[in-house]
Every structure is written in structure tokens, then in C-alpha cells.
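Colleague: Residue-level listing of the chains:
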Amino acid sequence: MNILIFKTNICFKKDLLKVRPLLSACDYIIQWNIDQHDIDKVLRIVSTINNPIIIIQTITKIGYQCEELPD
Amino acid sequence: MRVRDINKERAIREKALQMMVKEGMDGFSMQKLAKAAAVSPATIYIYFKDKEDLIEQLCIEAGDKMMEITFKGFAPSMSFSEGLRIQWVNRAKYFMKYPDQMHFLEQLRHSPYGEKLSARMGEKFKEILGNFMANAVKNKELVKVPIEVFWSIAFAPLYSLVKFHMLGKSVAGKQFTLTDKLMNETFGLVLKALKP
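So the protein lines, in turn, are chains A and B. Residue numbering for the first sequence follows this note's numbering, starting at 42 and increasing by one per position. Residue numbering for the second sequence follows this note's numbering, starting at 1157 and increasing by one per position.
If you're looking for bench data, these hints aren't it; they were derived computationally from the structure. Just so you know, not all the hints are guaranteed correct.
Residues from chain B that face chain A, not an exhaustive set, calculated with beta carbons under 8 Å [as the list claims (entries may be wrong)]:
#1 1196
#2 1197
#3 1198
#4 1202
#5 1205
#6 1206
#7 1233
The calculated lysine to aspartate or glutamate pairs, modelled on DMTMM-like cross-linking and capped at a C-alpha distance of 20 Å, are [said to hold, decoys possible]:
#8 B:1164 <-> A:112
#9 A:59 <-> A:112
#10 B:1348 <-> B:1304
#11 B:1207 <-> A:68
#12 A:48 <-> B:1206
#13 B:1205 <-> A:79
#14 B:1300 <-> A:109
#15 B:1191 <-> A:112
#16 A:54 <-> B:1238
#17 B:1171 <-> B:1256
#18 B:1171 <-> A:109
#19 A:48 <-> B:1212
#20 B:1249 <-> B:1262
#21 B:1191 <-> A:81
#22 B:1253 <-> A:81
#23 B:1294 <-> B:1304
#24 B:1296 <-> B:1206
#25 B:1228 <-> B:1283
#26 B:1188 <-> A:56
#27 B:1351 <-> A:56
#28 B:1319 <-> B:1262
#29 B:1282 <-> B:1224
#30 B:1205 <-> A:81
#31 B:1272 <-> B:1206
#32 B:1348 <-> A:112
#33 B:1280 <-> B:1220
#34 B:1205 <-> B:1217
#35 A:48 <-> B:1262
#36 B:1280 <-> B:1336
#37 B:1191 <-> A:56
#38 B:1253 <-> B:1336
#39 B:1205 <-> A:109
#40 A:54 <-> B:1336
Note that beta-carbon positions come from the ideal geometry of N, C-alpha and C, so glycine has one too.
Isolated chain B (complex conformation):
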């Protein structure tokens, strides 16, 4: 009798994610995973039907986790500066706490699984951010721009800083640490750029 063991499943999921981030999805196989996780291939098949199923499950988990953290304490009805600040703090936290998951989601976006991912997350993100933007425009706190332009100005600066921070260095190899002061300063500039 094969019994499901939540701890074992967790260990397999974590190892699979690590491997895919490190070695890419094409070279990944259930047999390699079994070796790396020191379990028999049969054990992996107890939890997952095949490689596609495993990737889909990981995609769902990573996507849900990202949404949960990103929108924690956030409501589309918030004032623009308050709502955006919460998003910044949450997104930075997610990126720093779960770098593997973040990279995995990034990989998925450029893979055949990208469509499934955007079907699951894209709509919800668009809805929540769309409402938030509409409120802010109505309250004259935000210029009216397409969501892509909004995203690029609102979040890309944060992601650049966090990436520099994770690397420990910035442009031309200069040492870099992201401090609260720097983050607030950048956030101020972003607000300024988005004000009508």
C-alpha cells in the first residue's frame, strides 16, 4: 500500500523547483529528480501523473503564493500612494524570500506553460490592478496610461533595484545594497512620474 506523505511531497516539490531553476525545464526528467531527491521514481509518481502534471502543480503553487503575498493587506479602493507602497513592500518581500519561485515563474512565462500561467494569474492581476488604477485615475492621483505603461513605471524600477540587491552589485560591478532609504527615494520618484 502506497501512502501519501506530505513531507515527502514537499521535499520532492522543492527539489524539482530547484532543479528546474538551475538546469532548465527541457533537461528535467522524473528519473533525474528521483536521483536528486534520493527517492525511487515510483515515489514521485505517487504524487504526480507525469512531468507535465508536476510542472503544472508547481506552477499553481508558485502563482498562488505570489498572489497571496503581493496582495496581502492590499485593497483596490486604497489611496494610490498607500496601495502602491504596500505593493512595493510585498513584491520586494516575495522576490527576496522566494527567489527560486520567482525565477521559476519567469521561466514558465517564456515556455509553453506560459499561457496556462497567465490564464490562472493574469486575469486576476488585471482585474485587481485595473480596479486600483481606475479608482486612482478617478481620484486624480494617477495619469491615465495603458496598464503596460503603468506597470513599467510603477514596478520595473523596484525589480531592477531588487535584482541589483540580490546580485550584490549594480551597473559596472559596483557593490550595492538596497536600503529602505533608497527604496523610499525611488518610490517617491515613481509617484511623481505617475501623478497627473
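If we strip away everything but chain A, and leave its shape as in the complex, we get:
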């Protein structure tokens, strides 16, 4: 199990509505959530594969920022 953590600008419900179908469609994502109360709008993904690049591409493709939060 891999936990991937990203900083995003997915701020509002309307943004979440755009992101939701994309992430829900990925079969390697077991669980995900966005902490919209946090300043970094942290996207947390529990995934079967350890590949943050795919996630970043998925999110940035529809116009949002997404970068891995460093440890």
C-alpha cells in the first residue's frame, strides 16, 4: 500500500466535482481525500502503485496545480 501526498489548489466544491470522476475512475486508487481546510489543499491518495507522476498528470491535465509534498 502506498500513500501519496500532494499540494494542490483544489479549493472549492466545484473543483472537487471536476476532480472526483477522474480519481474515482483510477483502479489503482483505493482511497483518496482532499483536505480543503488546509492551506495546501492536501490531496492524499492510498494507491496500489507508487507512481506520483501519474497522479500529477491526471490532475494538471484538467488545469489544477498538483505537486508532491516533500517529507
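Following the hints, put chain B in place on chain A, whose structure we already have.
Modeller: Same frame as chain A, but now just chain B:
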């Protein structure tokens, strides 16, 4: 690859609890916690989904710990005085050993998380104490009163004494230390009040 580290998680949990007790829950944030615990926010998110998840996890831990200590060596079938004495000793021990957890649970009770807490702990407490009371009433060791009245007479005196003890002073700033003798004396009065 992000790896879970039990020691790190423990340190984050402890720091979060301290902060919430000291500064309250409203002003608490994952970013502040990260700074205080000297870890990156990403590290905290490895263990917790968000602030709500963190508070819930802490609530579960503190609640379970309190139940574990409170009911250690206790059975509802015990004689009334023996059962209540064990509860007194256990509750005093919990309060003195884990004051932060105790305050945190107190905070939760007055917050939107209060319902979740009582769903998890309230039923079990009611069941165990309810059985204990029913046995004691049946054996003519306890007057029949509502559980709230029972609780107020049975435990509130202990909590007042322990609070004075933790403060180091009592009414009007008088110096105070809770001794075994004082605790036994008070316990005797409580038993007397609850006898039929």
C-alpha cells in the same frame, strides 16, 4: 516510498493532543502541528486523512484508554463497596497519570465530536455501571436513584478532590494534597450517602 513509522506517529499524536488541550481545537491546524512537531505536513498526512480524522483517532485512543484503566480489575458483580472502591482508585489513577487525555475528553464532550464520543463510550459505561447499580440495589447495598444522581454522588466528590490535588490548592487558594487518608474518609462518606 513513504513508510509508516510507529514512533513518529506516536510523537505526532502526543504533540497534537498537547496542542489541542493548550490552545483549543478551533485554532488547531495540520500546518501548526507540523511546525510544532518538527515534521513536514506531508508526514502527518501519511498517518491521518485530515484534521477531523486526526481528532477522531485521538478521541478513540483516549476513550479506550480511559475505559481500560477505569474498569481494570472491576466486575459489575462485585459487592458495592468493593466495586466502587476499585473505580475510585482507577479513576484517580487515570486522572493523575493522563491529565492531558482527561482534559481532551472533556473538551470533546463540549464540541461537535461529543456525540461520536458518547456513541463509543457512553453505551458501554451505561451498560457496565447500570449492571453494577442493579446488582447493588438488588443486594440492598445501594439506594435506587437515577444514574445521573448516582454518578454525581459516587464520583463527583472524587473528581473535586483530584482537581484540588492537581492544582495544589483548594478553596480560597489553600494549599492541598490528596492523601490516602482523606480519600478513604471521603469514600466512607460517599458510601454512607448511597446506602439504603
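Colleague: Against this structure, judge whether each hint is valid.
Modeller: Checked hints:
| no. | hint | in the structure |
| --- | --- | --- |
| 1 | 1196 | holds (5 Å) |
| 2 | 1197 | holds (6 Å) |
| 3 | 1198 | holds (4 Å) |
| 4 | 1202 | holds (5 Å) |
| 5 | 1205 | holds (5 Å) |
| 6 | 1206 | holds (4 Å) |
| 7 | 1233 | violated (44 Å) |
| 8 | B:1164 <-> A:112 | holds (12 Å) |
| 9 | A:59 <-> A:112 | violated (28 Å) |
| 10 | B:1348 <-> B:1304 | holds (18 Å) |
| 11 | B:1207 <-> A:68 | violated (27 Å) |
| 12 | A:48 <-> B:1206 | holds (13 Å) |
| 13 | B:1205 <-> A:79 | holds (11 Å) |
| 14 | B:1300 <-> A:109 | violated (62 Å) |
| 15 | B:1191 <-> A:112 | holds (13 Å) |
| 16 | A:54 <-> B:1238 | violated (57 Å) |
| 17 | B:1171 <-> B:1256 | holds (11 Å) |
| 18 | B:1171 <-> A:109 | violated (25 Å) |
| 19 | A:48 <-> B:1212 | violated (23 Å) |
| 20 | B:1249 <-> B:1262 | holds (17 Å) |
| 21 | B:1191 <-> A:81 | holds (14 Å) |
| 22 | B:1253 <-> A:81 | violated (37 Å) |
| 23 | B:1294 <-> B:1304 | holds (19 Å) |
| 24 | B:1296 <-> B:1206 | violated (51 Å) |
| 25 | B:1228 <-> B:1283 | holds (16 Å) |
| 26 | B:1188 <-> A:56 | violated (25 Å) |
| 27 | B:1351 <-> A:56 | violated (64 Å) |
| 28 | B:1319 <-> B:1262 | holds (13 Å) |
| 29 | B:1282 <-> B:1224 | holds (15 Å) |
| 30 | B:1205 <-> A:81 | holds (13 Å) |
| 31 | B:1272 <-> B:1206 | holds (17 Å) |
| 32 | B:1348 <-> A:112 | violated (60 Å) |
| 33 | B:1280 <-> B:1220 | holds (11 Å) |
| 34 | B:1205 <-> B:1217 | holds (16 Å) |
| 35 | A:48 <-> B:1262 | violated (34 Å) |
| 36 | B:1280 <-> B:1336 | violated (29 Å) |
| 37 | B:1191 <-> A:56 | violated (28 Å) |
| 38 | B:1253 <-> B:1336 | holds (17 Å) |
| 39 | B:1205 <-> A:109 | holds (16 Å) |
| 40 | A:54 <-> B:1336 | violated (58 Å) |
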